[in-house]
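Undergrad: Spelled out, the chains give:
Number of protein chains: 2
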Amino acid sequence: MTADRFDPLDPVIHSPLRLAVLSVLISARQADFNYLKKTTEATDGNLSTHLAKLEEAGYIRIKKSFQGRKPLTECSLTEKGRAAFSAYLRALESYLPAGTKKG
Amino acid sequence: MTADRFDPLDPVIHSPLRLAVLSVLISARQADFNYLKKTTEATDGNLSTHLAKLEEAGYIRIKKSFQGRKPLTECSLTEKGRAAFSAYLRALESYLPAGTKKG
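Those protein sequences? They're chains L and Z, same order as listed. Numbering that gives the first Met the number 0 puts the first residue of the first sequence at 0, with every later residue one more than the last. Numbering that gives the first Met the number 0 puts the first residue of the second sequence at 0, with every later residue one more than the last.
Just to be clear, a hint being listed does not mean it is correct.
When chains are identical, the list treats them as one kind, so a pair holds in a single copy or across two.
Claimed, not checked - Distance condition first, Cα-Cα at most 16 Å in a straight line; then the derived EDC-like pairs of lysine to aspartate or glutamate: (1) 69 <-> 55; (2) 37 <-> 6; (3) 79 <-> 6; (4) 79 <-> 9; (5) 36 <-> 6; (6) 36 <-> 9.
FYI, nobody ran anything at the bench for these hints, they're computed from the structure. On a predicted model such as this, the values are computed, not experimentally measured, just so you know.
Could you build all of it, start to finish, from the sequences and the hints given here?
TA: Structure representation (structure tokens):
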């Protein structure tokens, strides 16, 4: 046994869809709603709900505008979101079997 | 962008407490209830509920006996549980930022 404790996993991030969205935004910095929908294979309603949760937590910023007549919803990661995602990854390591884990 | 899809995360495993239990059993092969309780810092009721879910899924085996007059509940990982945990870890990689991800 190497693990003698498990760090708490931020419940805002641990949901698979929110984890996927943050993972996209970590790499892409900014992504629009349709891109996130395509990448995560979520429905409009489900994605909207989860984006709102991430925004409420202050982890992402959502900017709504129009591109011609089409609404454009752009999401980007905040500094708080980036820090929370890093902390989540560190906590996650405590759950991974020895060998894949740091220290 | 390197990620263009996210693999589904087994919901039986994704719960933090069940993930912690499996993580212990991966390393220790077998652990009794009190050890799991101490390591995961779960309450009796919560741990029992989650162990039952893992048993229902066929991921762990629970053996109840007595050690003198004290009940002993021993949990061990099944082959199915080991395979499911490996699959979970592979799926999880699709959510991790490039650099920590294989391929």
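Undergrad: Taking the hints in turn, state whether each one holds.
TA: Hint check:
In this homomeric assembly, residue 69 and residue 55 never come within 16 Å of each other (Cα to Cα): the closest approach is 25 Å inside a single copy and 49 Å across copies. For a Cα distance limit of 16 Å, the shortest separation of residue 37 from residue 6 across copies, 14 Å, qualifies, whereas the shortest one inside one copy, 32 Å, does not. When the C-alpha separation of residue 79 and residue 6 is checked against a cutoff of 16 Å, the pair qualifies neither within a copy, at 19 Å, nor between copies, at 26 Å. Taking the closest pair of Cα atoms, residue 79 and residue 9 come within 16 Å of each other only inside a single copy of the chain (13 Å); across copies the shortest separation is 28 Å, beyond that limit.
Taking the shortest Cα distances, residue 36 and residue 6 sit within 16 Å of each other only across copies (15 Å), while inside one copy they are farther apart (31 Å). In this assembly of identical chains, residue 36 and residue 9 lie within 16 Å of each other by CA distance neither inside one copy nor across copies; the values are 23 Å within and 21 Å between.
Consistency with the previously given hints fails for numbers 1, 3, 6, ordered from lowest to highest.
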